[in-house]
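J.: Residues per chain, in single letters:
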Amino acid sequence: MEPILEVKNLTKNFGGLCAVSNVSMTINQGELIGLIGPNGAGKTTLFNLLTGVYEPSSGLIELNDDGQKIQLGGLKPYKITGYGISRTFQNIRLFKAMTVLENVKVAMHKNIRYGTIAAILRLPSYYSEEKWVEEKACELLKEVGLYSKRNEMATNLPYGEQRRLEIARALAIQPKILFLDEPAAGMNPQETADLTKLIHHIREKYKLTVILIEHDMSLVMNICERIYVLDYGKMIANGSPEEIKNNEFVIKAYLGEEI
Amino acid sequence: MRKEYLTKENIAWLLLAVGSFVICSLLMNLGIINSYYQITLYNICINIILAVSLNLVIGICGQFSLGHAGFMCIGAYAAGIITKMMPNFGGFVLGILVGFVLSAIVALIVSIPTLRLRGDYLAIATLGFAEIIRILVQNMKITNGAAGLNGIPQLTSWPLLMIGVVVSIVVVCNYTHSAPGRACISIREDEIASEAMGINTTKYKVIAFVIGALLASLAGALYACNFYVIKPSQFTFNKSIDILVMVVFGGMGSMTSSVIAAIVIGIINMVLANFSEIRMIIYGLALVAIMIFKPTGLLGQRELSFKKLFSSRKGAK
Ligand SMILES: Nc1ncnc2c1ncn2[C@@H]1O[C@H](COP(=O)(O)OP(=O)(O)OP(=O)(O)O)[C@@H](O)[C@H]1O
Ligand SMILES: [Mg+2]
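If you read the sequences in order, they're chains Y and P.
Remember, the numbering used here sits 788 above the position in the first sequence when you count from 1.
Remember, the numbering used here sits 34 above the position in the second sequence when you count from 1.
Read the hints as simulated data drawn from the structure, not as lab findings.
If you're wondering where the values come from, they're calculated on a predicted model, not measured in any experiment.
By construction, the Cβ of each residue, glycine as well, lies at the ideal position given by its N, Cα and C atoms.
Be a bit skeptical, because a hint or two may be false.
Claimed, not checked - Here are some, though not all, of the chain P residues that point toward chain Y, as calculated from beta-carbon distances under 10 Å:
id: 1; residue: Y39
id: 2; residue: V205
id: 3; residue: N208
id: 4; residue: A213
id: 5; residue: P214
id: 6; residue: R216
id: 7; residue: A217
id: 8; residue: D224
id: 9; residue: I226
id: 10; residue: S228
id: 11; residue: E229
id: 12; residue: M231
id: 13; residue: N234
Could you put the whole structure together from the sequences, leaning on the hints where they help?
T.: Right, here's the structure in full:
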């Protein structure tokens, strides 16, 4: 299998704090990867580096875009998104005062082919493109089971549905790689089970490479093919769920040094 | 004509625009709106353009601008100077176009460096630039310094003014309800998420700001060619605040409420014309009251929508 994303010696310092330290990863096309680690290990910071929210202090992020090698380090987030990389946020960042449908439409932006002038003058391209956008956005909402709520304000959705809307929005980008930051946080067991199904489903359907951060170990061990473990910014382990469960460094990191 | 244009809502909007035009024309012809009230009416129209365009920047895109009067000033002087040399319709159009070009250039210079950053840098930059414009105008020969321009030909007719108002509202509303408009709203809602959804946030902030500047410049041109006289002292920070009050008072993000606020404030200004000190106190108190009791403005983000009106009636049947 060919690596789609390669991270080499990635480091991020916040002043004196080294939140991500010399991290290397190889992600293959189509894999479902788990990223785990104790609170404050640097998981979200790593996602923020990979999606351009932060600029790396050092190190490389290399995307294989159909055979072409692209350096993502230091690119603006919207450019990285343009290469087919999308994400959800740990502390949900929906467009609160927009409807569920509009939230999805925003994410389809880069595929909409009319500009400001056509919008203001209501040229034919506006109507044809908007029609297509509407259909596609509705289709995605059906996929995550939010179609009946399409005209509600995003902020009025219950927590679990907000998380699913974030996934629908991330899918609207038509990504190749999807980063999910704690998608099951705050969900009840039933919602988590539905989410697991959803992740499997979208991965098959859209041929996605998925990388997810999760504290719910049953979910991670259940669906991930390979797991990376971060602790204090360092990558301490990498392997199959079985290997990770029995790795002494991982056990130490989670249970503390003094056993 | 394409069938998309001939929807019930669009026809209703057209009727509303034509209706207000006809009614005001009739009232003016009958002398019920006398020449004194007419000044108020014209001012209200110009303020509607200013409020709606500022609302695009502040209410839709979430970028705080404190220099709207600066763009109005550019438009007013461009039209004033050119129509004094060419006192005909062609000169008026040319004046408006020159105003557009100048305000677009200034808007780009002010916004590109500041809108790359997150935070309220734009507010500070626009505050400064509007003062610079005013001081330039006050000291240049072509603008006749502090005395301002006199005897500008009155080329702004009532129909032209109404067209200006309708065009401005249509431009802003069409823009808002489109993909670029959605991009702007998403920036207001959450800039980090917006960028993560593939939106070049700087670009869309700049576009909204430039459209706002162009419309303010149009308002300035209509103003100059209606009131014969323009002076630098008409385009101070106070004027920017006047416009801001209309936007905040009505409700940020709602064009309906900007229009209503412009009308209500226009009438209050007329009634209180002889008590201008009291007027500023009332403004101040009203702003504080709004911030405390209804921070989203009187109407919040609600819009007058014929679409909803029609569909709710259908539902009732
Ligand atoms: N913008 C920032 N400025 C300074 N320090 C930061 C910043 N972002 C994160 N940190 C620090 O970096 C470390 C890693 O944080 P991060 O959010 O990546 O952890 P995490 O693994 O996602 O934890 P959690 O499981 O709690 O979400 C923490 O110590 C955090 O305080
Ligand atoms: Mg985190």
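J.: Would you settle whether the hint for I226(P) is holds or violated, based on the nearest Cβ-Cβ distance to chain Y being less than 10 Å?
T.: holds, 6 Å
J.: Going by Cβ atoms only, is D224(P) closer than 10 Å to chain Y?
T.: holds, 5 Å
J.: Measuring from the C-beta of E229(P) to each C-beta in chain Y, is the shortest one below 10 Å?
T.: The hint holds - E229(P) has a Cβ within 10 Å of chain Y, the shortest such distance being about 4 Å.
J.: Taking the closest Cβ pair, is S228(P) under 10 Å from chain Y?
T.: Because about 7 Å separates S228(P) from the closest Cβ in chain Y, which is inside the 10 Å limit, the hint holds.
J.: Tell me if V205(P) is really an interface residue toward chain Y, meaning its C-beta lies closer than 10 Å to one of theirs.
T.: It holds, given that the least Cβ distance between V205(P) and chain Y is near 5 Å, below 10 Å.
J.: For the hint on A217(P), does the least C-beta distance to chain Y fall short of 10 Å?
T.: It holds, given that the least Cβ distance between A217(P) and chain Y is near 6 Å, below 10 Å.
J.: Quick check on the hint: P214(P) CB to chain Y CB, less than 10 Å?
T.: Holds - the Cβ of P214(P) comes within 10 Å of chain Y, reaching about 5 Å at its closest.
J.: Classify the hint on M231(P) as holds or violated, based on whether any CB of chain Y lies nearer than 10 Å to its CB.
T.: holds, 4 Å
J.: Does R216(P) pass the interface hint, meaning its C-beta sits closer than 10 Å to a C-beta of chain Y?
T.: holds, 5 Å
J.: Quick check on the hint: Y39(P) CB to chain Y CB, less than 10 Å?
T.: Where the cut-off is 10 Å and the nearest Cβ of chain Y is about 7 Å from Y39(P), the hint holds.
J.: Classify the hint on A213(P) as holds or violated, based on whether any CB of chain Y lies nearer than 10 Å to its CB.
T.: holds, 4 Å
J.: Using 10 Å as the Cβ threshold, decide whether N208(P) counts as touching chain Y.
T.: holds, 5 Å
Consistency with the previously given hints is maintained throughout, with no hint failing.
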